[in-house]
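There are 2 protein chains.
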Amino acid sequence: MIENTWPDSVKCSVKNLKMFVIMKFFLKHLLTISSRLSKSVIPSLSVWDGHFSCRWRSTGGHGRQKYFNDRLPKFRFALAGLLAGTGAVLAYKLHQDKVQLAATSAQLRVTQTSDLPVYTLEEVTKHRSLDSGVWVTYKGGVYDITEFVAIHPGGDKILLAAGGALEPYWALYAVHQQDHVLEILSEYKIGVLNPESYKKQESANPSDPYSAEPTRHPALQINSLKPFNAEPPASILSDNYITPSVIFFKRNHLPVPRVDPEAYRLEIEGLSGGVVSLSLSELKSRFPKHTITATLQCAGNRRSEMNKVKQVKGLNWGIAAISNATWSGARLRDVLLYYGFGPEVAAKAKHVQFEGLDKDVTGTAYGASIPLNKAVSEEGDVLLAYEMNGEDLPPDHGYPVRVVVPGVVGARNVKWLGKIVVSDEESKSHWQQNDYKGFSPGTDWDTVDFKSAPAIQELPIQSAITHPAEGTSVDRSDREVTVKGYAWSGGGREVVRVDVSVDGGKTWHVAKLRTSDQGQHPAPPPPPGRAWAWKLWEIDVPIPHRAQELEIVCKAVDSGYNMQPDTVAPIWNLRGVLSNAWHRVKVKVSEGFKDQK
Amino acid sequence: MIENTWPDSVKCSVKNLKMFVIMKFFLKHLLTISSRLSKSVIPSLSVWDGHFSCRWRSTGGHGRQKYFNDRLPKFRFALAGLLAGTGAVLAYKLHQDKVQLAATSAQLRVTQTSDLPVYTLEEVTKHRSLDSGVWVTYKGGVYDITEFVAIHPGGDKILLAAGGALEPYWALYAVHQQDHVLEILSEYKIGVLNPESYKKQESANPSDPYSAEPTRHPALQINSLKPFNAEPPASILSDNYITPSVIFFKRNHLPVPRVDPEAYRLEIEGLSGGVVSLSLSELKSRFPKHTITATLQCAGNRRSEMNKVKQVKGLNWGIAAISNATWSGARLRDVLLYYGFGPEVAAKAKHVQFEGLDKDVTGTAYGASIPLNKAVSEEGDVLLAYEMNGEDLPPDHGYPVRVVVPGVVGARNVKWLGKIVVSDEESKSHWQQNDYKGFSPGTDWDTVDFKSAPAIQELPIQSAITHPAEGTSVDRSDREVTVKGYAWSGGGREVVRVDVSVDGGKTWHVAKLRTSDQGQHPAPPPPPGRAWAWKLWEIDVPIPHRAQELEIVCKAVDSGYNMQPDTVAPIWNLRGVLSNAWHRVKVKVSEGFKDQK
Chain A
1 MIENTWPDSV KCSVKNLKMF VIMKFFLKHL LTISSRLSKS VIPSLSVWDG HFSCRWRSTG
61 GHGRQKYFND RLPKFRFALA GLLAGTGAVL AYKLHQDKVQ LAATSAQLRV TQTSDLPVYT
121 LEEVTKHRSL DSGVWVTYKG GVYDITEFVA IHPGGDKILL AAGGALEPYW ALYAVHQQDH
181 VLEILSEYKI GVLNPESYKK QESANPSDPY SAEPTRHPAL QINSLKPFNA EPPASILSDN
241 YITPSVIFFK RNHLPVPRVD PEAYRLEIEG LSGGVVSLSL SELKSRFPKH TITATLQCAG
301 NRRSEMNKVK QVKGLNWGIA AISNATWSGA RLRDVLLYYG FGPEVAAKAK HVQFEGLDKD
361 VTGTAYGASI PLNKAVSEEG DVLLAYEMNG EDLPPDHGYP VRVVVPGVVG ARNVKWLGKI
421 VVSDEESKSH WQQNDYKGFS PGTDWDTVDF KSAPAIQELP IQSAITHPAE GTSVDRSDRE
481 VTVKGYAWSG GGREVVRVDV SVDGGKTWHV AKLRTSDQGQ HPAPPPPPGR AWAWKLWEID
541 VPIPHRAQEL EIVCKAVDSG YNMQPDTVAP IWNLRGVLSN AWHRVKVKVS EGFKDQK
Chain B
1 MIENTWPDSV KCSVKNLKMF VIMKFFLKHL LTISSRLSKS VIPSLSVWDG HFSCRWRSTG
61 GHGRQKYFND RLPKFRFALA GLLAGTGAVL AYKLHQDKVQ LAATSAQLRV TQTSDLPVYT
121 LEEVTKHRSL DSGVWVTYKG GVYDITEFVA IHPGGDKILL AAGGALEPYW ALYAVHQQDH
181 VLEILSEYKI GVLNPESYKK QESANPSDPY SAEPTRHPAL QINSLKPFNA EPPASILSDN
241 YITPSVIFFK RNHLPVPRVD PEAYRLEIEG LSGGVVSLSL SELKSRFPKH TITATLQCAG
301 NRRSEMNKVK QVKGLNWGIA AISNATWSGA RLRDVLLYYG FGPEVAAKAK HVQFEGLDKD
361 VTGTAYGASI PLNKAVSEEG DVLLAYEMNG EDLPPDHGYP VRVVVPGVVG ARNVKWLGKI
421 VVSDEESKSH WQQNDYKGFS PGTDWDTVDF KSAPAIQELP IQSAITHPAE GTSVDRSDRE
481 VTVKGYAWSG GGREVVRVDV SVDGGKTWHV AKLRTSDQGQ HPAPPPPPGR AWAWKLWEID
541 VPIPHRAQEL EIVCKAVDSG YNMQPDTVAP IWNLRGVLSN AWHRVKVKVS EGFKDQK
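Protein chains in written order, with full-length UniProt numbering: chain A, 1 to 597; chain B, 1 to 597.
One thing to keep in mind: the hints can contain errors.
[To be verified] Just the calculated beta-carbon pair ranges, DEER-fashion:
(1) Pro214(B) x His521(A): 51 to 61 Å
(2) Gly504(A) x Glu549(B): 41 to 51 Å
(3) Ala347(A) x Gly274(B): 36 to 46 Å
(4) His545(B) x Asp208(A): 27 to 37 Å
(5) Glu551(A) x Lys350(B): 50 to 60 Å
(6) Lys289(A) x Gly363(B): 50 to 60 Å
Hints are computed from structural coordinates only; laboratory data are not their basis.
Built from N, CA and C at the ideal position, the CB exists for glycine as well.
Whenever a hint applies, use it, and build me the whole structure from the sequences.
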């Protein structure tokens, strides 16, 4: 459902990371030579091939600082882009980079000297800000990462480790556990901890925060293990109208918290009666239990198709970061009204914020918010859900209580719900402010201003083909190809039609839609604006004569007659969200056995 | 805002109409030869080139009837398609039509003999049904149009004239006043009225129902004079954030009714207290006056772009069947609640129907409906408006009272409002049931089932370029081209971004949006889901080096992150509605004066 601070794509872009390290190294040395590097100099790096034995850190001066002052924002994003695996940013900054990189890469290791100063933990602790310098420790080494802060792909969060150990933070995001990350870190080494400090620190470090994760279904295709992110195989996604919980896509940002249902308390702030603290049994007994069928979709669903256009930052989801379930719980509206929501609150408040019980080592919880009118409208159907598909919420889906905000991006459906705040402000969380927003394809990490775009709430019309699979064959003697898939739209807009083409979009056929499993009664039509659940669809399309290959395409239409865009490139965005262009699957037409009889 | 029964495109498709007459003539004669024509015979017509001196009407028999019984639906739609100017239907039915048509066309006139029987009006009056035959008169001629009823592009409405004169009906739709329509009619002549009957009829015929139309601004570009349909020139559309009423696009289905404000009564049915009759002064004095700024758009806006893909049925709107105004009036919600709307009505009702005071000669009023929740929700902002831009509604915009349903297609914003019915059913009107619906590009007049698609309510995201105009030039020495336009989305979804390209969509720039006229304070941001007004946008884009021509493209994004589809063909539909693909304008780059100095 929701997105990661540190890009998963980093894992996949070994080459770019190496290039980043090397490029950074180049830049450092160049900066010592010229006190005023203009932007136009940067491309010339590509033909530069020298060797350096001095360390830049010890020879930097005013010029370097000036350059950083002038250039930091652009420089920062260029490198962040590299780290994120956006090769395009590299292409932008270094058009003709043909340097022999391997030799220089080896050169880097020279910078790790063994005669570095020895520090105590107390000395490290004094360097916790950009003013005093930002020092961290890792496995007994001491690192001054002051300059790295600005280019950390995870943003300012790195400051949380300032003056102390990196290990507990890196344990949260497995992406750090790679050679290339260590390679970057080694650049900043300034000393070692004395043995006593190191021992003390070791004993204080927590164990793996992911050690208590629930077991998962082996069918899930894992995009990230820590935190756990996985989707079911597309081929089985549309086998069930109601997705079984075990294969419902999982989108965690942090370790799964283990919550004692007896000790569980839900806090509610911002109402006229003061802070409310509500137990699980109170939630269940005080408010009517409502059940809705609602599809949840990650903003990054189908991101892999954007990655094919140009690398983006984020988990490389296929087409199955979407699933459909029944959810039961108290209506958020009922709870808010019960505890004092009324006109005087409504006059001031504009948002309802949610905080999860999933926290990082600093105690920062996952957070998001939704507009107040969605939260309190009778037609909004927002639930404080404690059941999924008729059973207690599974740990991966927010046990004991999660928010279900139907029609709204997964990221706002906060799991392991700990706190609700009725407020005049949106959630200040990273995920609300600096993530899960859409931008123009022309916006890059140089130019992006997260304040300029609204936080994603309702999602646009979506559909995808679950059968046949890309690269498979259909038999000409079958005369027809059966095409299946799903379609859904945000904001409660009902899917009213799915068009399917087998010739790449030249001619179109209208698929049959269904709102239940085969043989079951279809769900009654939803009231207008409250169609929260997907539709599965299916159609037998004649195989065109002479076709050697079929380009199967689907596109859906919702009750607002919104259509999917034709192609991916014009909706490409640097975070790889909102990927809802026509879905295309190519299959071969084989001259099968039946024809040859 | 709303669409015509008889297609405007008929006017433009002289050639197709002639072909229709001729083809119909061909078919008739062929049917006398073969008693069982199979579909596969039809293409063979294309090489048939004979002459006939006999009239088919006098030689028809069982076989002809059988063919019509078997084939009528498909035959009907094929010909309706032709009438509508859909050349593609012709292509479908008659792949290689190379017949010498001119000679046969002349032949037709032979069928108008002067020794036809003489009938009295009483005899004509007996033929008012398909069973007894459908006879009509026109300028003293008597016509048996029984077989034409099924292929009348305006549908069964033609039966309203059965047993009487066509003149009053044709007066309503000026499209009939053409030689080709008379040519079709001449095919069905069976006699003449006796002079006494003709005189009697002449004196009874009403005068031109359009004789009292208001005067209109000369800048308007007229798509249809009777009923009046016109749009402002695109170049002046975006000059004002609030469109002046005189150039606000006009979309009438029928003559403008002249309503005496003193005698005006608004009836309300379906509430618990029985039928309500409300005067204009009561409406103004009993309920608070609310003002909203709302954009109205015709479902057929930008239909001309669909016509370029393949001819569709409907007025050939450019990009300016959309305008923005302030509207003041009573909230529909307030009125319904005042007169007894409550839970017991809500339990049964699902729709609110509206009837206009604009009626055809049979007394059938224009009608439409909207879902109940839109009508009664506080956030729906539906108005019974009596002011437009701070003044009484102009006659063309519904004086004295119209419905304004913000975020919803113009067709539901019923003007000259006469009646409101709270009901469990949608409006039964032609415009709700058999018009203003979207279909797949694969759906043609052979296969269309109007029941299969929902009536259009909310409209999808839309944007268009108002400057520069297609085919104009920009001066290279200006270095930049200024591009302007509008963007709007239905359902209260706010426009959050407009992307502009000058290279056909390869690279994109983000335009500046505005919600007021230059120099005025921008409107405060609307509450979520209540953004009823358009945004104007503007951007200066660098002219690419070496470009000889610019393909300027715009696409907008709304708060649900809905995007416009890339191209027109995949959203083409037989009614030509919902045309919201990227708007494209080509301009030349000239080597201008400034450069040559």
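Unmet hints by their number, sorted upward, for this structure = 2, 4, 5
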